[in-house]
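Participant: Those protein sequences? They're chains A and B, same order as listed. Position 301, counted from 1, in the first sequence is what this note's numbering calls 301; the numbers after and before it change by one each time, with no gaps. Position 333, counted from 1, in the second sequence is what this note's numbering calls 333; the numbers after and before it change by one each time, with no gaps.
Treat the hints as calculated values from the structure; they're not laboratory data. Don't take each hint at face value.
Identical chains share a label here; the pair holds if one copy fits it or two copies do between them.
As the list claims (entries may be wrong) - Listed below are the simulated BS3-like cross-link pairs for lysine-lysine, each with C-alpha atoms no more than 25 Å apart in a straight line:
no., residue 1, residue 2
1, LYS364, LYS82
2, LYS364, LYS104
3, LYS104, LYS387
4, LYS175, LYS392
5, LYS387, LYS126
6, LYS104, LYS164
7, LYS364, LYS164
8, LYS364, LYS126
9, LYS82, LYS387
10, LYS175, LYS97
11, LYS175, LYS104
12, LYS392, LYS164
13, LYS175, LYS126
14, LYS97, LYS164
15, LYS364, LYS392
16, LYS104, LYS392
17, LYS97, LYS126
18, LYS392, LYS97
19, LYS364, LYS97
20, LYS175, LYS387
21, LYS175, LYS364
22, LYS387, LYS364
23, LYS126, LYS392
24, LYS82, LYS392
25, LYS97, LYS387
Protein chains: 2
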Amino acid sequence: MSLIRIAVLATGDELLNGSISDTNTRDIALLLGPAGYRLSTGRSVPDRPEQIVQALRQLIPHHDVIITTGGLGSTGDDLTAKTVAQALGRPLEENGKALEMIHKRYAEMGRELDPVVLRQALLPQKSVPLPNTEGTAPGFWLRQQGCDLFFLPGVPTEMRSMLKNAVIPALQRNKPGAAPMLTRSFGFFGLSEPQIESRIPYANLPQDVAVGFSLDYPLVRISLRAASDNAENLLDSAEALLVEQLGDYLVARGDETMAAHVGQLLRRAGINLSLAESCTGGLISQMLTSVAGASDFLALSAITYADSAKIDCLGVDPDIIVTYGAVSAECALAMAHGVRARSRTDLSLAVTGIAGPDGGTDEKPVGTVFLALAAENVDQVRCYQFKGERQKIQQMSSCMALEWLRRFAIESLN
Amino acid sequence: MSLIRIAVLATGDELLNGSISDTNTRDIALLLGPAGYRLSTGRSVPDRPEQIVQALRQLIPHHDVIITTGGLGSTGDDLTAKTVAQALGRPLEENGKALEMIHKRYAEMGRELDPVVLRQALLPQKSVPLPNTEGTAPGFWLRQQGCDLFFLPGVPTEMRSMLKNAVIPALQRNKPGAAPMLTRSFGFFGLSEPQIESRIPYANLPQDVAVGFSLDYPLVRISLRAASDNAENLLDSAEALLVEQLGDYLVARGDETMAAHVGQLLRRAGINLSLAESCTGGLISQMLTSVAGASDFLALSAITYADSAKIDCLGVDPDIIVTYGAVSAECALAMAHGVRARSRTDLSLAVTGIAGPDGGTDEKPVGTVFLALAAENVDQVRCYQFKGERQKIQQMSSCMALEWLRRFAIESLN
Numbered sequence: 001m002s003l004i005r006i007a008v009l010a011t012g013d014e015l016l017n018g019s020i021s022d023t024n025t026r027d028i029a030l031l032l033g034p035a036g037y038r039l040s041t042g043r044s045v046p047d048r049p050e051q052i053v054q055a056l057r058q059l060i061p062h063h064d065v066i067i068t069t070g071g072l073g074s075t076g077d078d079l080t081a082k083t084v085a086q087a088l089g090r091p092l093e094e095n096g097k098a099l100e101m102i103h104k105r106y107a108e109m110g111r112e113l114d115p116v117v118l119r120q121a122l123l124p125q126k127s128v129p130l131p132n133t134e135g136t137a138p139g140f141w142l143r144q145q146g147c148d149l150f151f152l153p154g155v156p157t158e159m160r161s162m163l164k165n166a167v168i169p170a171l172q173r174n175k176p177g178a179a180p181m182l183t184r185s186f187g188f189f190g191l192s193e194p195q196i197e198s199r200i201p202y203a204n205l206p207q208d209v210a211v212g213f214s215l216d217y218p219l220v221r222i223s224l225r226a227a228s229d230n231a232e233n234l235l236d237s238a239e240a241l242l243v244e245q246l247g248d249y250l251v252a253r254g255d256e257t258m259a260a261h262v263g264q265l266l267r268r269a270g271i272n273l274s275l276a277e278s279c280t281g282g283l284i285s286q287m288l289t290s291v292a293g294a295s296d297f298l299a300l301s302a303i304t305y306a307d308s309a310k311i312d313c314l315g316v317d318p319d320i321i322v323t324y325g326a327v328s329a330e331c332a333l334a335m336a337h338g339v340r341a342r343s344r345t346d347l348s349l350a351v352t353g354i355a356g357p358d359g360g361t362d363e364k365p366v367g368t369v370f371l372a373l374a375a376e377n378v379d380q381v382r383c384y385q386f387k388g389e390r391q392k393i394q395q396m397s398s399c400m401a402l403e404w405l406r407r408f409a410i411e412s413l414n
Numbered sequence: 001m002s003l004i005r006i007a008v009l010a011t012g013d014e015l016l017n018g019s020i021s022d023t024n025t026r027d028i029a030l031l032l033g034p035a036g037y038r039l040s041t042g043r044s045v046p047d048r049p050e051q052i053v054q055a056l057r058q059l060i061p062h063h064d065v066i067i068t069t070g071g072l073g074s075t076g077d078d079l080t081a082k083t084v085a086q087a088l089g090r091p092l093e094e095n096g097k098a099l100e101m102i103h104k105r106y107a108e109m110g111r112e113l114d115p116v117v118l119r120q121a122l123l124p125q126k127s128v129p130l131p132n133t134e135g136t137a138p139g140f141w142l143r144q145q146g147c148d149l150f151f152l153p154g155v156p157t158e159m160r161s162m163l164k165n166a167v168i169p170a171l172q173r174n175k176p177g178a179a180p181m182l183t184r185s186f187g188f189f190g191l192s193e194p195q196i197e198s199r200i201p202y203a204n205l206p207q208d209v210a211v212g213f214s215l216d217y218p219l220v221r222i223s224l225r226a227a228s229d230n231a232e233n234l235l236d237s238a239e240a241l242l243v244e245q246l247g248d249y250l251v252a253r254g255d256e257t258m259a260a261h262v263g264q265l266l267r268r269a270g271i272n273l274s275l276a277e278s279c280t281g282g283l284i285s286q287m288l289t290s291v292a293g294a295s296d297f298l299a300l301s302a303i304t305y306a307d308s309a310k311i312d313c314l315g316v317d318p319d320i321i322v323t324y325g326a327v328s329a330e331c332a333l334a335m336a337h338g339v340r341a342r343s344r345t346d347l348s349l350a351v352t353g354i355a356g357p358d359g360g361t362d363e364k365p366v367g368t369v370f371l372a373l374a375a376e377n378v379d380q381v382r383c384y385q386f387k388g389e390r391q392k393i394q395q396m397s398s399c400m401a402l403e404w405l406r407r408f409a410i411e412s413l414n
């Protein structure tokens, strides 16, 4: 169970001229981890033969595996195969299997084959072509000085599928990995990163479990990571300890969004919901409906941006707006009552506030947000002062609204 | 005007274990480009002294500048200064200016200084500290074998501000850059990437202008890039040619979103808008209101997810839903009329469809979406068949709705 040293070499001018960030390295790490492989290092170089060659020459002696992404198509800047052929002294030759893959792929897509794409079958001598189930250019694999070199497309969907279906199986046959690296992640809302860190029971966590933090504003995401044949059990006990300390703030598991989590709770509680949004402009509704099945609990959301809409559509008394303003506890409650009456739902929630950058006053600065919740025998309203720019205030307001819904659903379930 | 060779070295376990993608390299490229500097290569290594040292040793002889990110805080894995001190034989010493910066920063924040953070003032001998206007840990700069090494924080906001305020001015004094690299970007909607590519007048473009593509679903983004003292003029003529060929599909400039662009047009045209959304669940409203000033044109958006909401809130005739279904041209038009009547707006737009993954039938498969638009003497309705997963269908439907609004606003302005 020795550690396999793996490098990623991402090629492409776009990675260095500011066009895009490299996301392939992260995707490769995520796919290799559970199979027992970890990345030692990553590089990005432009589409220049001399830089690709230099990087490969530096990497080969110190790594067992090199995964290269990019430069596999049939256009001018797709020059990986040619460059590798020269660098390793293995002239390009037409690879019969690669040719077959290309023909098969075009037949599947029902598209006519442009002879230009047949160039994609020219691979360095003794290469093993790797099928591309998402695109047309095959990848390839060759071995040099004991190092396995895999050349994959740069397009993320093509790269991921080739890695999963061809590279990992090849690695597992040739260079078995160490223990799988398993990761579980959790999203928390309502505590800052330092507050969460201070509550993590580090002393009691199994020794081989590593804790990682990342910010997914306004959530704090924590990952628990273990590399061991016993990883599942280690993570089970670490998770139990984490939930014991922080379960009250846990609003998402894995890649789940907070809205998906809250939607599940509303569904389980059999709640029928309506929303009245003003400063969040539809964000709460959009979050809840980006997950399938929102129609099980969401009946109506009225985005009453204009005062006239609050009056006409929700029946807010114009006197309330004149006397207290549209951003007030009174208006928030009237909006909640109005949308509840109109939609005849169990529960309604309203948000009104000043997302900025304009519209703030001394008394009600940008970031002043009122939330109101109405249900049978329930009336709640509260004023918050959120900080930051418009989009942060909208996100924070929406997540706070989801948090109110989450707590209401949990109480209903208890 | 020789080319300065610049490497980025990103440090951090999180960059190689799948937690996050490195976005700092792109940000650095974007900030350096206009100042006349380009990146030659990028590397990522974990928080391990031996790997950081190895990378620096390999990079120093071949680069004029190395920008390192990460590892500057005061916790256990923040070990850049210590590692560099050992690698370059320059023992750590308390740097008076760095100490001053830290004290000043804490005073500004009004926070009490934990003695632990004073460790951040321990820098390799002969380092120049770089102020951190966003966080607490100063960066530092030192020169070794003619190479300028800058050590910046890994947190993107801190990194960017230090790069802008300290690194670029230092570079410009010490190693003047080449001609500035200027970039202009444009977002197109309604044509595929190959369709756009075939219309770009490559033959007529100024020779020194490079064209880049990126996908920002469902928009295709094109960047024009020129590195020359005459770059502004070159880009002006390239832009004119591009707009001549593709102007009809141009829906965003620079970092602008399509919604911001359409919002501007609606505002200029003095249109008062209401929306009725079903399958898009608030996404159109959220897009329009994520930009400040949407209250100038958006009065009301009714997200009528349930049939009962379509009937109660928009006054859709129940017979329409029974006879034609909620996903039908008839219902879309009735929704548009209903929301227009209720909000007394000039223009209204309605969307109803099947975003999936469930709810499709043979006759109306997932991706069937009806758009309807109503204004004085105008009634439009059309059925689309969009492909892909739920979120793609929602995005495509919302952008198509924005496209209808864009064309309506342009016609009103003409």
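Participant: Each hint should be assessed against the structure and marked as holding or not.
Facilitator: Here's how the hints hold up against the structure:
In this assembly of identical chains, the alpha carbons of LYS364 and LYS82 never lie at most 25 Å apart, being 64 Å within a copy and 48 Å across copies at closest. Taking the shortest Cα distances, LYS364 and LYS104 never come within 25 Å of each other, neither inside one copy (65 Å) nor across copies (31 Å). Taking the shortest Cα distances, LYS104 and LYS387 sit within 25 Å of each other only across copies (23 Å), while inside one copy they are farther apart (56 Å). Proximity of LYS175 to LYS392 under the C-alpha cut-off of 25 Å is found in neither arrangement, the shortest distances being 46 Å within a copy and 38 Å between copies.
Taking the shortest alpha-carbon separations for LYS387 and LYS126, neither the intra-copy value of 60 Å nor the inter-copy value of 40 Å comes in at or below 25 Å. In this assembly of identical chains, the alpha carbons of LYS104 and LYS164 lie at most 25 Å apart only when taken from the same copy (20 Å versus 51 Å across copies). Taking the closest pair of Cα atoms, LYS364 and LYS164 never come within 25 Å of each other, the shortest separation being 54 Å inside a single copy and 34 Å across copies. Taking the shortest Cα distances, LYS364 and LYS126 never come within 25 Å of each other, neither inside one copy (71 Å) nor across copies (50 Å).
Neither within a single protomer nor between protomers do LYS82 and LYS387 lie at most 25 Å apart by alpha-carbon distance, with minima of 54 Å and 36 Å respectively. For the homomeric pair LYS175 and LYS97, the shortest alpha-carbon distance inside one copy (24 Å) is at most 25 Å, but the shortest distance between copies (51 Å) is not. Neither within a single protomer nor between protomers do LYS175 and LYS104 lie at most 25 Å apart by alpha-carbon distance, with minima of 30 Å and 54 Å respectively. Taking CA atoms no more than 25 Å apart as the test, LYS392 paired with LYS164 passes between copies only; the shortest distance there is 23 Å, against 36 Å inside one copy.
In this homomeric assembly, LYS175 and LYS126 come within 25 Å of each other (Cα to Cα) only inside a single copy, at 19 Å, whereas the closest approach across copies is 46 Å. Within a single copy, LYS97 and LYS164 get their C-alpha atoms as close as 20 Å, which meets the 25 Å cut-off; across copies the closest is 51 Å, which misses it. In this assembly of identical chains, the alpha carbons of LYS364 and LYS392 lie at most 25 Å apart only when taken from the same copy (17 Å versus 38 Å across copies). When the C-alpha separation of LYS104 and LYS392 is checked against a cutoff of 25 Å, the pair qualifies neither within a copy, at 48 Å, nor between copies, at 28 Å.
For the identical chains of this complex, LYS97 and LYS126 are intra-copy neighbours only, at 12 Å inside a copy versus 59 Å across copies, given an alpha-carbon limit of 25 Å. For the identical chains of this complex, LYS392 and LYS97 are neighbours neither inside a copy (52 Å) nor across copies (35 Å), given an alpha-carbon limit of 25 Å. Within a single copy, LYS364 and LYS97 get their C-alpha atoms no closer than 69 Å, and across copies no closer than 41 Å, so neither meets the 25 Å cut-off. Taking CA atoms no more than 25 Å apart as the test, LYS175 paired with LYS387 passes in neither setting, with 51 Å inside one copy and 40 Å between copies.
Taking CA atoms no more than 25 Å apart as the test, LYS175 paired with LYS364 passes in neither setting, with 63 Å inside one copy and 49 Å between copies. Proximity of LYS387 to LYS364 under the C-alpha cut-off of 25 Å is restricted to the intra-copy arrangement: shortest distance 13 Å within a copy versus 45 Å between copies. For the identical chains of this complex, LYS126 and LYS392 are neighbours neither inside a copy (54 Å) nor across copies (41 Å), given an alpha-carbon limit of 25 Å. Within a single copy, LYS82 and LYS392 get their C-alpha atoms no closer than 48 Å, and across copies no closer than 36 Å, so neither meets the 25 Å cut-off.
Proximity of LYS97 to LYS387 under the C-alpha cut-off of 25 Å is found in neither arrangement, the shortest distances being 59 Å within a copy and 32 Å between copies.
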